[in-house]
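Novice: Model the full assembly from the supplied sequences, consistent with the hints where possible.
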Amino acid sequence: MHFMLTGLVATFLSVAFCQNASSNYVVDLGYAKYRGSLNSTYTNIVNYYGIRYAAPPLNDLRWQPPMDIESHGGYSPNRVQDATTRGPTCVQGVPFWRQTTTPSGSEDCLLLDVLVPKTSASDHIPVLVQIHGGGYDQGNSQSNPGYMMVNQSMGNLIYVSIQYRLAVFGFLSSAEVRENGIANAGLVDQRAALNWVQRNIRAFGGDPAKVTIIGGSAGGGSVMDQLIMYGGVSNPPFRAAIAEYPWWQSYKNNTILEAQYRHMLSATSCDNLACLRSQTTQILIDAMQTSLISTGWESYYGWGDFYYGPAVDGDIIRDLPSNEFKRGHFAKVPLIVNRDQYEGYNYSPMDDNTPANMTRDLQTIFPYAKPSFFKRLYQLYPESDFNGTFWRRAQIYGDYIIDCPTYYMATAYSDWGLPIWKFLFNAGSQLHGADGPFLWGPPEAINNITLTNILKDWYLGFVLNLDPNSICNSGTPKPYWPQYQAPTNASSDIDFSIMSINYTMMGVTPDVDANSRCDFFHGQSYVVRN
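Quick note, the sequence shown lines up with residues -18 to -1, 1 to 512 if you use mature numbering (1 follows the signal peptide of the UniProt record, and there is no 0).
These are calculated hints, taken from the structure and not from any lab test. Among these hints, one or two may not hold up.
[Unchecked claim] Straight-line Cα separation of at most 20 Å, DMTMM-like style, residue types lysine to aspartate or glutamate; simulated pairs: (1) Lys308 x Asp397; (2) Lys15 x Asp105; (3) Lys15 x Asp64; (4) Lys100 x Asp64.
[To be verified] FRET-style restraints, in silico, Cβ to Cβ: (5) Ser216 x Pro70: 49 to 57 Å; (6) Thr67 x Ala256: 33 to 41 Å; (7) Ser53 x Thr341: 20 to 28 Å; (8) Arg17 x Ala256: 34 to 42 Å; (9) Gln361 x Asp189: 22 to 30 Å; (10) Ala256 x Pro337: 44 to 52 Å; (11) Glu161 x Pro464: 47 to 55 Å; (12) Leu400 x Asp50: 30 to 38 Å; (13) His504 x Pro59: 46 to 54 Å; (14) Asn429 x Asn26: 21 to 29 Å; (15) Tyr212 x Val8: 50 to 58 Å; (16) Ser22 x Asn335: 16 to 24 Å.
No residue lacks a Cβ here, since even glycine has one placed at the ideal position from N, Cα and C.
Specialist: Here you go:
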């Protein structure tokens, strides 16, 4: 059964989310008090911006575990801290293939924002925690503002958006870093923020037992990382997860991890980690950016990839994600996963206009692939199936980096008998992140209010009740979304069932990613991800 979408065009005015600095919305966290402000557009929401969840990771604290703010913040319990203005974003990196912006940001950035209903439905409502995307190099707590979601929750949702160390500051994971600090610092920052929520969200009226984590792109990859962290713990600081178009970035092997570290030493004239920790932020930013450009042109990483990111360190991340999901080493919580139609488009070079160019390009993406890998790859993606080499490469990369990982996650969950829902989004731009405007705005970007109402109701139903079908706050009718199901018997109507959404219709269909292409990549993880 398919539902027709009315295509109603939203006629919202362009708005800015401003604050009234004279308001007195003060929350007492015990170790500190924070003053928030009433949102001037969504006047039923109180904003609390720029709250530190950990001590600033400066100097000797670089590439170390984040230190909890309650013990290391130095706050006076009686002094009211201002939380009415944005805090600084984390230092941003720019890959060689995206040289359109200048690196910026601060190391003092372990901050989070909290959006609270002015009138809550109870004093212990569910919480949605956003982990932003951006290739583990870019993004901030405002990447996906949660005002529309809180507004549609009717007083039943608190929204928290976090920041974490990025690029070289968050993902320098060489042997010396592991011996004298911590690998995957950005992922540990995320877990520290989730633990802060567990300790403090009651003061805002939230229920720490009803926390859902969400993220898109590298945020979706981060959700995946949180699921497999420490081998998949039995009591994670969240009860459910939403991985939107999860970016399964290639985990670099030890050779590349050591090269990253050596590039930073060389660019700063240092010879050890202590020296790196003694440098100014700007010197490290310049060194990082030098490494991002030079290593790209030297083929240490390829077009569409990011140089710094999560790595297998044997503790925080114990094995490659594909292996962890195969073995059931992930937190057993309900999950929603999705992807957009053309995930590889934004991450493929337009000058891949011949098969030879594409092969050279893909050899950088898959540096350990042998001729047999490419022979089989091109059999599965024949030239005749695509309108040009660019589209062929875009499909290969989109499948590898996002499309197939949604299939791996969904089937692993189904095999373990866990609640799992998947949808394919073929509306909006149809490109990577296409569903974002419908969920997060800004309102003037929404061109189909029916679709945005349905998506938010599904998400809210899942966050509030662990079932996307459980509420209809918007009053918009929507189809029933069944759980993803692996094949059970020959008479099953639809195996691997997903919700498929396009411009005008939505309905349940078989998972298009349950195919031989994804099975091929799954079996080749030792070649393409080691």
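Novice: Decide, hint by hint, whether the structure agrees.
Specialist: Results for each hint:
1. Lys308 x Asp397: holds, 10 Å
2. Lys15 x Asp105: holds, 18 Å
3. Lys15 x Asp64: Within the cut-off at roughly 9 Å; holds.
4. Lys100 x Asp64: holds, 18 Å
5. Ser216 x Pro70: 49 to 57 Å: violated, 36 Å
6. Thr67 x Ala256: 33 to 41 Å: With a Cβ separation near 35 Å, threonine 67 and alanine 256 satisfy 33 to 41 Å, so the hint holds.
7. Ser53 x Thr341: 20 to 28 Å: violated, 54 Å
8. Arg17 x Ala256: 34 to 42 Å: holds, 40 Å
9. Gln361 x Asp189: 22 to 30 Å: violated, 52 Å
10. Ala256 x Pro337: 44 to 52 Å: holds, 49 Å
11. Glu161 x Pro464: 47 to 55 Å: holds, 49 Å
12. Leu400 x Asp50: 30 to 38 Å: Cβ of leucine 400 to Cβ of aspartate 50: about 31 Å, so the range 30 to 38 Å holds.
13. His504 x Pro59: 46 to 54 Å: Check passed, 52 Å falls within 46 to 54 Å.
14. Asn429 x Asn26: 21 to 29 Å: Cβ of asparagine 429 to Cβ of asparagine 26: about 25 Å, so the range 21 to 29 Å holds.
15. Tyr212 x Val8: 50 to 58 Å: violated, 36 Å
16. Ser22 x Asn335: 16 to 24 Å: violated, 50 Å
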